[in-house]
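Using the sequences provided together with the hints, build the complete structure.
Protein chains: 2
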Amino acid sequence: MKKYAIIVAAGSGKRMGKLVPKQFLLLKQKPVLLHTLDVFLKAFDDMQIILVVASEYVNDAKTISRSSVSPKKITITVGGETRFHSVKNGLAHVPEDAVVFVHDGVRCLLSEKLIMRCYYAALEKGNAIPSVRPVDSLRVETHNGNVVIDRDKVHIIQTPQTFDSKILKAAFMQGYQESFTDEATVVEEMGERINLVEGEENNIKITRPIDLVIAESILSERL
Amino acid sequence: MKKYAIIVAAGSGKRMGKLVPKQFLLLKQKPVLLHTLDVFLKAFDDMQIILVVASEYVNDAKTISRSSVSPKKITITVGGETRFHSVKNGLAHVPEDAVVFVHDGVRCLLSEKLIMRCYYAALEKGNAIPSVRPVDSLRVETHNGNVVIDRDKVHIIQTPQTFDSKILKAAFMQGYQESFTDEATVVEEMGERINLVEGEENNIKITRPIDLVIAESILSERL
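Protein chains in written order, with our numbering: chain A, 991 to 1213; chain B, 991 to 1213.
Keep in mind that a hint or two might mislead.
Treat identical chains as interchangeable: a pair holds within one or across any two.
Pairs of lysine-lysine, DSS-like flavour, derived with a Cα cap of 27 Å [as the list claims (entries may be wrong)]:
hint, residue 1, residue 2
1, LYS1195, LYS1143
2, LYS1195, LYS1018
3, LYS993, LYS1103
4, LYS1018, LYS1063
Read the hints as simulated data drawn from the structure, not as lab findings.
As C-alpha cells, then:
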C-alpha cells in the first residue's frame, strides 16, 4: 500500500519564548523538523511526505527539505487556522488507496520501528494510534473536587496517528468541531473504533526549552 | 510548625536493569537520593528527615546521609511490604503537631520553592498535593474500547504529598487497601478533600536509565 506522512509543523512556537518556532530550532546541529522528516523517509522506501507549515515558513521548510535524505519525496503545503484545518490541507495531497500517518513535526525522536508498527496495525484495523502508559498517578476534576483515575486504564496518546486514507479523508469531510483535538477524535466521530498500539517513551514533543536539552541527551545515548 | 519529610527510597530498582536501586545511582557524581535529601534540608532550617529504605540498604543510606548538608537531621528507618507500609513505618517517627511531606526518593529534581509552596498550602488546607497538566491527549479504556478524557480536567500527581501530620497519622491507622496508591488516596478514604497545588514539570521520577541522562541535562541547565 502507498504510504503518506502528513507532518504537521504549522505552529508558531510561542511557548518557547523565541521568535523561531520549535520545529526549526537546532538539535545536534540539525533542525528538529529535519530529524522528523528523515525518520519517516528512512522507515519505508516508498514513503511520501506532505509537510504542512505556516505560510511565512514555506521558504525555511524548502531549505530543510533539501537537506533531507530524499528531498523529492517531500511536498510542502500551507497550514490552516487549527490543526484540523492544517491536516485537511495536507490530506488534499493524499490518494484514497494509501496508509496515511499524521505526525507532529516536533516529535522528532520516534523510531522507524514505531512507524512500521503503526503501518501494519492500520492496514489490519483501519487505524493505529500509538500510546504509552502514565508513570504517575492521575486525578480528574469533578463538580466538587477531584478523584483518582485508575491509571491502569489510561493511555497517553502520541503520533503518528495512522489511518487507512479512505477513512481519514471521509472523516475530514465533516465540519470542524472543537472536540476534534487530534485525528483519532475526528475518525471516532464517524463511529470508527480507535485501535491503540504501543508507542515509545522517548517519542516526546519538543515544546519547552528544556525539551531540546532532553532530546539531545536521548539522541546522544543512541549513538 | 515542625516540618518532617518522609523520603521513601525502599524500592529495589528492578526496572533499571541494574543491581543497584535507582535512588543510589550517581547523578553528577552524587547519589540520586542525596540530591533529594539536600533539597529538603535546604528548604527549611528546621526540616527533619525520616529516610525509609529496604533493610539491605541501611548501611548505604547511612553513608549517603553523612554526606548530606545536615546529617544529624536524618533518621533512617526500614520500609515495609508496600509503599503504604513504608510510609506508615516512617510516620511512627513523626509527631502530631507537624507538617509532613511524603516524597519519592527518586524525585530528586524538585525545587525548594515547591517544598515551600506545599508547606504553606498544607498549613492552610490540611493537605497539598502537587500536580502538573498533561501535554498529550489521554484516553481511558471502557468496556468496549476507549474514549478521550478531557485533558483540561486531568492532573498528573507528583510528590511531596504534604499533610497536617495529625490527619495523615489518623489516616494511616486504617487497614491497608489495594486502592491506596499514594498518600492522597489514604487521606481521601477518611473523607478529606484533596487540595491540588502547582507542581513542577522537572519534578520527574528516575525510573528508566534514560531518566538519569535527562536529569543530568536538567541539572546542567540550572547552573
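Hints, verified against the model:
Within a single copy, LYS1195 and LYS1143 get their C-alpha atoms as close as 23 Å, and across copies as close as 20 Å, so both meet the 27 Å cut-off. Within a single copy, LYS1195 and LYS1018 get their C-alpha atoms as close as 16 Å, and across copies as close as 26 Å, so both meet the 27 Å cut-off. Taking the closest pair of Cα atoms, LYS993 and LYS1103 come within 27 Å of each other only inside a single copy of the chain (15 Å); across copies the shortest separation is 49 Å, beyond that limit. When the C-alpha separation of LYS1018 and LYS1063 is checked against a cutoff of 27 Å, the pair qualifies only within one copy, where the shortest distance is 24 Å, while the shortest distance between copies is 44 Å.
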